[in-house]
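Trainee: These are the residues of each chain, in order.
Protein chains: 2
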Amino acid sequence: MLPGVGVFGTGSTARVLVPLLKAEGFEVHALWGRSEEEAFCLAKELGIPFHTSRSDDVLLHQDVDLVCIYIPPSMTRQIAVKALGIGKNVVCEKAATAVDLFKMVTAARYYPQLLSIMGNTLRFLPAFVAMRQLLVEGYVGEVQVCDVRVYGPSLLDQSYGWTCEELMGGGGLHTVGSAIIDLLSYLTGSRANRVHGLLRTFVQQNNLIRGIRRVTSDDFCFFQMLMGGTASSSGGMCCTVTLNFNMPGSFVHEVMVVGSTGRLVARGTELYGQRNGGKGEELLLGDDGWVGPEAKEMPLPHLRGLSSMVKALKESFQAHEERRLWARGPVAMAPTFEDGLYVQTVVEAVKRSSCSGEWECVEIMSQEPDPNHNLCEALQRNKN
Amino acid sequence: MLPGVGVFGTGSTARVLVPLLKAEGFEVHALWGRSEEEAFCLAKELGIPFHTSRSDDVLLHQDVDLVCIYIPPSMTRQIAVKALGIGKNVVCEKAATAVDLFKMVTAARYYPQLLSIMGNTLRFLPAFVAMRQLLVEGYVGEVQVCDVRVYGPSLLDQSYGWTCEELMGGGGLHTVGSAIIDLLSYLTGSRANRVHGLLRTFVQQNNLIRGIRRVTSDDFCFFQMLMGGTASSSGGMCCTVTLNFNMPGSFVHEVMVVGSTGRLVARGTELYGQRNGGKGEELLLGDDGWVGPEAKEMPLPHLRGLSSMVKALKESFQAHEERRLWARGPVAMAPTFEDGLYVQTVVEAVKRSSCSGEWECVEIMSQEPDPNHNLCEALQRNKN
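Heads up: the sequence lines are chains B and X, in that order. All residue numbers for the first sequence refer to our numbering, where the first residue is 1 and numbers rise by one. All residue numbers for the second sequence refer to our numbering, where the first residue is 1 and numbers rise by one.
A pair holds if it fits inside one copy or across any two, identical chains being indistinguishable in the list.
Straight-line alpha carbon distances no greater than 25 angstroms define the calculated SDA-like cross-link-like pairs of lysine to any residue that follow:
hint, residue 1, residue 2
1, K22, L2
2, K279, E254
3, K82, M365
4, K279, Q158
5, K311, E338
6, K279, V203
7, K279, G289
8, K279, L155
9, K279, D157
None of these hints come from the bench; they were simulated from the model.
Please model the complete structure; the sequences and the hints are all you need to start from.
Mentor: Below, the structure is given as structure tokens:
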């Protein structure tokens with residue numbers, strides 16, 4: 001039986017997610033917005049019976065068994081951890097920091113019977129599901145290089161907000177790069193050991209953001225990941241990712257995997273392949289046309305991935321009579337909070353690399369850093 | 001009046017160059033090959049009256065006024081410097097090291113009345129000539145990012161030789177990357193301050209190269225250049241270059257320049273552009289079809305660039321009655337030996353970066369390194 005859903009967020013993703021949920025038969029009972037007004041307007045538009053700006057009102061809502069959290073990254077951890085504590089299943093977007101993710105991982109481990117997945121939707125896109133299958137079957141032989149590029153218009157909101165602030169989780173690397181980092185670990189079945197990157201904010205001010213305000217989040221990012229093998233060896237595969245959001249009027253989303261005997265390329269939502277010695281590129285999976293809701297602000301691969309994730313959620317919950325129970329099978333491919341922690345760790349290593357100019361190791365946090373650490377350092381400095 | 005030409009080399013470029021020269025009215029009087037047999041065969045095939053394996057026979061040939069040197073990089077310096085010393089005009093491909101180039105620069109400065117250009121032919125390709133013009137006119141606004149990718153089949157020769165050896169000037173970075181480095185400095189009018197790169201040899205052995213022999217030259221290379229601004233500042237533009245020669249059956253040659261108000265992309269020999277706020281990509285320069293000689297081993301952008309360079313040489317020499325004199329105008333855009341030294345310096349900095357993992361500064365050699373330097377170091381070590 002399908003669970004009742006509570007949605008956090010009034011942004012472009014929430015706006016697309018609600019119709020997708022409804023189309024699959026989920027009932028959306030409650031909507032949370034940062035202000036009463038935002039919540040009221042979107043709830044009215046999407047026909048959601050209850051709206052609020054107080055998070056507990058959604059989390060404690062008796063008809064809500066599944067919470068979908070699509071809010072600014074800096075607020076995600078608090079809601080996600082609380083929802084699990086109250087006994088609700090959670091799907092959420094990325095959080096702001098690795099420490100946040102670590103706390104979410106701890107909560108998820110504490111409630112293993114609850115669903116807790118990252119809403120990193122590219123894994124669910126049929127083109128990438130097929131790509132992974134072909135990689136496992138050896139279509140390209142041994143993977144050598146993954147080459148990803150995403151080009152598009154600015155990611156900034158119309159008004160000044162978290163999308164402009166690097167520390168709030170804004171920027172191409174955090175917003176789009178994280179989905180790519182997750183995707184590449186899913187496709188190749190391995191993780192980055194060392195990363196190198198370069199971030200830039202070419203457009204620091206525009207018509208809407210000016211005066212003393214400046215954009216600090218990246219609009220161009222470029223990073224490399226050495227994956228597989230050991231951290232010290234030079235073997236394994238090289239992943240290169242180029243993100244450029246200074247290209248209004250275009251959207252390029254290309255993921256290429258080159259191996260010893262062939263290659264696979266996903267362009268947008270279509271998958272192409274070519275074997276060495278073959279006659280040329282073949283279309284392996286076409287786009288069968290999108291019939292879901294329109295979403296100007298959301299690129300098609302993310303939109304279709306979101307749609308596939310909702311379908312997987314439906315299958316997962318339909319398997320049980322009790323509306324809070326779910327089956328692992330249909331959502332087994334979804335990124336866990338552990339995967340989210342890995343992704344955020346890579347994001348932060350790339351940012352460190354952009355500052356230091358050096359290759360940075362990817363070391364997953366294994367215990368929470370001492371919250372008094374900075375204080376201790378400050379005291380230490382005073383003593384000397 | 002057109003000068004008589006002597007050609008060094010029997011490889012794929014020489015094989016294409018001779019018909020191009022003849023088509024423009026140049027007389028090719030002499031051909032040099034590493035062995036008598038190679039020289040004999042190609043001279044017969046291309047109808048060149050004189051062939052030899054002794055370089056002086058071409059350099060001292062009384063009908064030869066222009067020497068075109070397309071031989072393995074490690075041999076280029078010796079022939080080029082000698083040719084200038086004898087008073088011949090020189091067009092040559094890249095040399096093996098920055099020290100070689102420095103010696104060539106010294107010779108070229110000593111004989112300023114002689115033509116001395118690098119045969120880096122991408123500058124002459126009409127798409128790039130148009131691209132540069134549009135960049136100067138401000139089509140893209142302020143340049144932010146250059147993004148170049150070249151994908152193709154293996155660059156290795158059929159048999160073991162210099163193409164397999166990194167130290168002999170083999171590999172994607174040295175062979176193809178150097179043409180891209182030169183092109184980007186031509187297009188943007190600025191030079192790299194700092195570079196970061198990663199080289200890999202994914203295919204170290206194949207059906208022809210096996211046993212104790214291993215390929216040491218890169219078949220995958222990936223580098224970034226920070227250009228313009230000063231070496232210490234983080235401003236200026238970012239160039240990213242991806243070269244992958246593990247992709248048999250395909251050839252991708254894409255040069256994209258993204259700026260604050262638009263972008264330009266050269267795909268193969270065609271040029272496209274898009275202005276921010278415009279209706280979409282427009283074709284700015286199409287391919288009018290290639291009617292010159294076929295060359296399986298040479299990608300079309302290089303082939304057409306070579307053809308345009310030969311046309312420019314014709315114009316340059318036609319401007320004068322005396323067959324050794326030439327006009328600067330038509331070949332003013334050609335890369336000088338100084339440009340060649342810059343390119344080789346960048347290539348070597350990228351190689352250093354691939355070893356060190358760090359950003360490396362591009363510092364052009366201003367005096368010849370002491371040839372006894374290594375000896376001194378060895379003596380020093382013995383003393384301690």
